[in-house]
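Chains A and B supply the protein sequences, listed in that same order.
Residue numbers for the first sequence follow the UniProt record's numbering, so the first one is 1 and each next one is one higher.
Residue numbers for the second sequence follow the UniProt record's numbering, so the first one is 1 and each next one is one higher.
If you're looking for bench data, these hints aren't it; they were derived computationally from the structure.
Possibly wrong hints are sitting among the right ones.
To be verified - FRET-style restraints, in silico, Cβ to Cβ: (1) D186/B <-> N102/A: 50 to 58 angstroms; (2) N123/B <-> R61/A: 56 to 64 angstroms; (3) G76/A <-> R31/B: 48 to 56 angstroms; (4) K126/A <-> K5/B: 23 to 31 angstroms; (5) R110/B <-> K126/A: 24 to 32 angstroms; (6) K157/B <-> S45/A: 47 to 55 angstroms; (7) R49/A <-> S182/B: 16 to 24 angstroms; (8) Q159/B <-> K5/A: 46 to 54 angstroms; (9) N28/B <-> S182/A: 21 to 29 angstroms; (10) T156/B <-> K185/A: 40 to 48 angstroms.
Ideal placement from N, C-alpha and C gives every residue a C-beta, glycine not left out.
Number of protein chains: 2
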Amino acid sequence: MPSKKIPRATARRLPIYYRYLTVLLSANKQRVSSTELSEAVQVDSATIRRDFSYFGELGKRGYGYDVANLLKFFKGILHQDSLVSVALVGVGSLGSALLNYNFHQDTNLRISAAFDTKPEFANTVKSGIPIYPAEEMTTQLKEQQIDVVILAVPGTKAQKVTDQLVEAGVKGILNFTPVRLSVPKDVQVQNIDLTNELQTLIYFIKNYSEYNK
Amino acid sequence: MPSKKIPRATARRLPIYYRYLTVLLSANKQRVSSTELSEAVQVDSATIRRDFSYFGELGKRGYGYDVANLLKFFKGILHQDSLVSVALVGVGSLGSALLNYNFHQDTNLRISAAFDTKPEFANTVKSGIPIYPAEEMTTQLKEQQIDVVILAVPGTKAQKVTDQLVEAGVKGILNFTPVRLSVPKDVQVQNIDLTNELQTLIYFIKNYSEYNK
């Protein structure tokens, strides 16, 4: 457990490091230099060293990083040793695509339940995942001890559904709606707003290309 | 145009500010305090002030921000005054959902072309958007002067398609594949990797809740 609060940007890179290390391990590679790591994950090596420095000494100067050790470490901080069940709320066109989505096989993530208000979806199975009627959401989340949810409902329903999720004990929401959700402080929200992402990308194209040449 | 390079995290928040300001303007609100802004966009006010400080003095102490002025400013830096055409590459289940996706109506973004290798999709129209065969990608991108692309092809094809996009003059890629793409320095990539997002969210749930209480 890290002793100080690490920056969000660093936290977002941890899964990337983790994934690459699993690839190295399955290729029987025993150590990796920070340059190799940098090229593979497309993050500059100064940033990698700063990220790693939050967790103490992970490598040796001139030797690089021991793959198995580093992997074990990241596995621990990313809680990859136990299976995490995730629920999908809202089985529209984006929701259906998410049910189909191939989460990396080297992770411990599973979508194990989905919820939707459409009566024709109730108690059917889609991409191998059971869809429950919305009325059963609270009960099922509690019963299956699911505290992470992917929210893909229409924006107009987002806050109301979020309130129900919080009530049901959910601690993390991956928010695909364009709404900025209001939640208690102990609930984490990760926003994926495609309009935002595209606008940010366009901003970078217009304003950053000059710097990077 | 900002004179210094602003942090990525700040750039990612600009569209959020912009969107909220358009809402205020259509509600005929003339000014907004940094506290109101903070509550509406769920970003703490110190961060908002720091973000704004990159662009010089935007507000007056004790008065807050003038909505119309601020909106005009953000419209400029986000290049909202001209229409931006975007192409979708890969019309699988995620790609189809993206064609259907309702980009905020107050933006200047339009998906105006899609590409796929499946012969049965060639020269059809889906959600109002024409789908072209993959062989026509380079020609169409150049002809339609599209330099922003949403990439939703299978991971195994991601780098190969990216090389073609770069060759066709694309300057920005919103990358939905799990692959870390290799691109020249003048091409911007924004990664949306759902496994990463979920893992980061879980990391926050396990490690941050304590701090935030």
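Evaluation of the provided hints:
no. : hint                                  : result
1   : D186/B <-> N102/A: 50 to 58 angstroms : 31 angstroms, violated
2   : N123/B <-> R61/A: 56 to 64 angstroms  : 59 angstroms, holds
3   : G76/A <-> R31/B: 48 to 56 angstroms   : 49 angstroms, holds
4   : K126/A <-> K5/B: 23 to 31 angstroms   : 45 angstroms, violated
5   : R110/B <-> K126/A: 24 to 32 angstroms : 30 angstroms, holds
6   : K157/B <-> S45/A: 47 to 55 angstroms  : 29 angstroms, violated
7   : R49/A <-> S182/B: 16 to 24 angstroms  : 22 angstroms, holds
8   : Q159/B <-> K5/A: 46 to 54 angstroms   : 36 angstroms, violated
9   : N28/B <-> S182/A: 21 to 29 angstroms  : 24 angstroms, holds
10  : T156/B <-> K185/A: 40 to 48 angstroms : 42 angstroms, holds
In terms of the numbered hints stated before, the structure departs from hints 1, 4, 6 and 8, listed from lowest to highest.
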